[in-house]
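Chains as they are written, first to last, in our numbering: chain A, 1 to 259; chain B, 1 to 396.
Simulated from the structure, these hints should not be mistaken for lab results. Here the structure is a predicted model, which means the values were calculated and not measured. Worth double-checking, as some hints may not be accurate.
Stated by the list, open to error - Restricting the straight-line Cα-Cα distance to at most 20 angstroms, the calculated cross-link-like pairs of lysine to aspartate or glutamate (EDC-like) are:
| hint | chain 1 | residue 1 | chain 2 | residue 2 |
| --- | --- | --- | --- | --- |
| 1 | B | K258 | A | E226 |
| 2 | A | K248 | B | E193 |
| 3 | A | K55 | A | D124 |
| 4 | B | K47 | A | E80 |
| 5 | A | K257 | B | E297 |
| 6 | A | K193 | B | E393 |
| 7 | A | K33 | A | E43 |
| 8 | A | K257 | B | E393 |
| 9 | B | K334 | B | E277 |
| 10 | B | K66 | B | E193 |
| 11 | B | K392 | A | D251 |
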Amino acid sequence: MNIFVCIKQVPGTNKVQVDEATGVLKRDGVVSKMNPYDLYALETALRLREAHGGKVTVGTMGPPQAQAVVREAYMMGADEGYVFSDRRLGGADVLATSYTLSQAIQSVGDFDLILCGKQTTDGDTAQVGPAIAEYLGIPHAAWVSKLTVSGDGVDAEQQLQDVIETVHMPFPCLVTVEQDICMPRLPSLKTAKEIGDKPIHIQGLDSFLDTDETHYGLTGSATQVERIFPPVSDTVHEQWSGEGCAAKLCDQLKKWKFV
Amino acid sequence: MAQIAILERKCTGCGLCVANCPFGGIEMKDGKPELTAGCKVCGICVKNCPQKAILKLETKVASVDKSKWKDILVFAEVSGGRLHPVGLELIGKAQELAKAVPGYTVKAVLVGEGVRAYADELLHYGVSEAAVYDDQALSYFRADAYAACVEDYICFAHPSVVLVGATSLGRSLAPRLATRFHTGLTADCTRLELRESSDLVQIRPAFGGNIMAQIVTTHTRPQFATVRYKVMDTPVRSEQESGKIVVRAIPKGVAASKASCVSVQPVPPKASISDAEVLVVGGRGLQRESDMDMIRELAGLLGGDWAVTRPLVEKGWATNERQIGLSGRTVRPKLIITCGVSGAIQFTSCMNGSDHIVSINNDPDAPIFGTAHIAIVDDLYRVVPELIAQLKEARA
Chain A
1 MNIFVCIKQV PGTNKVQVDE ATGVLKRDGV VSKMNPYDLY ALETALRLRE AHGGKVTVGT
61 MGPPQAQAVV REAYMMGADE GYVFSDRRLG GADVLATSYT LSQAIQSVGD FDLILCGKQT
121 TDGDTAQVGP AIAEYLGIPH AAWVSKLTVS GDGVDAEQQL QDVIETVHMP FPCLVTVEQD
181 ICMPRLPSLK TAKEIGDKPI HIQGLDSFLD TDETHYGLTG SATQVERIFP PVSDTVHEQW
241 SGEGCAAKLC DQLKKWKFV
Chain B
1 MAQIAILERK CTGCGLCVAN CPFGGIEMKD GKPELTAGCK VCGICVKNCP QKAILKLETK
61 VASVDKSKWK DILVFAEVSG GRLHPVGLEL IGKAQELAKA VPGYTVKAVL VGEGVRAYAD
121 ELLHYGVSEA AVYDDQALSY FRADAYAACV EDYICFAHPS VVLVGATSLG RSLAPRLATR
181 FHTGLTADCT RLELRESSDL VQIRPAFGGN IMAQIVTTHT RPQFATVRYK VMDTPVRSEQ
241 ESGKIVVRAI PKGVAASKAS CVSVQPVPPK ASISDAEVLV VGGRGLQRES DMDMIRELAG
301 LLGGDWAVTR PLVEKGWATN ERQIGLSGRT VRPKLIITCG VSGAIQFTSC MNGSDHIVSI
361 NNDPDAPIFG TAHIAIVDDL YRVVPELIAQ LKEARA
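With the rest of the complex left out, here is chain A (with noise of 0.2 angstroms):
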């Protein structure tokens, strides 16, 4: 079986700030590391290698810096991994990221399965896997927490609201995880001396099939920001602190009826 599965490398916190005079985000040693749900996606398809054959391959779009993801995921297992890497690839919305992975994707190679997570904790949209399905023009499920290969494709739960739906869709298909899929395993110091430097692809646009600039990056995009800004909190409030904090509070529920 042959896996792709998408990894984007993103802040190690969430707690970037704006400076209000400046306008600038205020980033103090804020470290990158890969999307804690990619690694669902990512030991999902190690273990359907494990147990079907195949071959595993992973790929993010970013700055050069995401090979560091790429070099995580080799430590886990994955055989093969690419950066696509591109200064006409900036400014890209959801709609020219996914085109941008949907191209990348078929210029890696043919594809049974296409792996992504259920979302970036950056972007926390959750758009882009079935947005590259809708591309690739196969069937996709979202929000999948149990996969299992059957017959000429796989069979997919999907969490919705009420109901659990298992769907099968044939090969090639997409299919986002949830994170109670499976437990990821760490990335191992004996794979890691084992693969060395083992060399990560990085890919412009120019090895794509679609070499037409104005489809990639912002002036693909359909969506611009227009504008960023602190969140305004017009909300009048008391503060409390030392002795009594808890009695007062008691009481404030008292007046609030719920208690």
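Using the hints, position chain B against chain A.
Positioned in the frame of chain A, the structure of chain B alone reads:
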């Protein structure tokens, strides 16, 4: 549209732009800054370059004829045999938005098996048209098949705006649809406004930080946005019906779907934190897993339920269903008490609609205090046990 350009003749290679960029969007190469794929064209480098060597260039992109697209369409989700209330919330919001552009009305589309029955109910909420795709082949959710139906109606009705509830189903469906129309989709909007030009102003927390982003879909239609359950107000049901029901033929794309249903299991009905009237929330300020007991005890004394923030789910102290936040649930209880929660925007944007917000945190600078109505700057290990004792006394 815009892009960033660096003027080499002005650049001194000081590297300040590289240091200031929050996205790793600029790198030094041979002593000169160069843009990478990380660039989000945010313009922070432009503001901060002492040499004024970085420019933001505006470029023109061909726009569709926006006047050919009108009205607001709401996808009214039916799953597990019920009309999801987020659909009604969106219809209510859409009515408000429609007032901005003369002649705009609100329409709704229903997809599924047996959904015709819900169309009449929608007419009580002031829609001008409720379109129905009712067929056995739609009895379970397949994103491509459902997308084919909504696509068919969009091609027929040409809505300028399409609103979808950010449920599991909606968040799986909307990206396929927006991609099909090569247009923009903004997830989890917390505020929406419609300009007279018909541009939808979409505001959402972004960049994984304490930042709100204002987003517009500048040159394509329709404009897709998803909104989570309980973010908008539920509209008042009118006794009178208005508008009409249109039953549409099932488009070919439904039969073309390669996915098929293997089985459907109902999720045993369980209390969701979204339904609780009182919530007590534990955050990263809790030191041990066993400390969750006092959170649960306090919740029990107030006749409510308990919830957590993302770090505690990551530690394995609770499941995702108990999590409030963008990667968990949105809640709007009558009372919420947060204990040791710092208050990242992903959390606050999913609970700030609560009637009464009480926050306990020993860090006076914790962002949660910007949201709290009563801010208790104190050690939760002192306040919570004392409050529990007080409540027990009051009950006795």
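Hints, verified against the model:
no., hint, verdict
1, B:K258 x A:E226, "violated, 39 angstroms"
2, A:K248 x B:E193, "violated, 40 angstroms"
3, A:K55 x A:D124, "violated, 29 angstroms"
4, B:K47 x A:E80, "violated, 40 angstroms"
5, A:K257 x B:E297, "holds, 19 angstroms"
6, A:K193 x B:E393, "violated, 62 angstroms"
7, A:K33 x A:E43, "holds, 16 angstroms"
8, A:K257 x B:E393, "holds, 16 angstroms"
9, B:K334 x B:E277, "holds, 5 angstroms"
10, B:K66 x B:E193, "holds, 17 angstroms"
11, B:K392 x A:D251, "holds, 13 angstroms"
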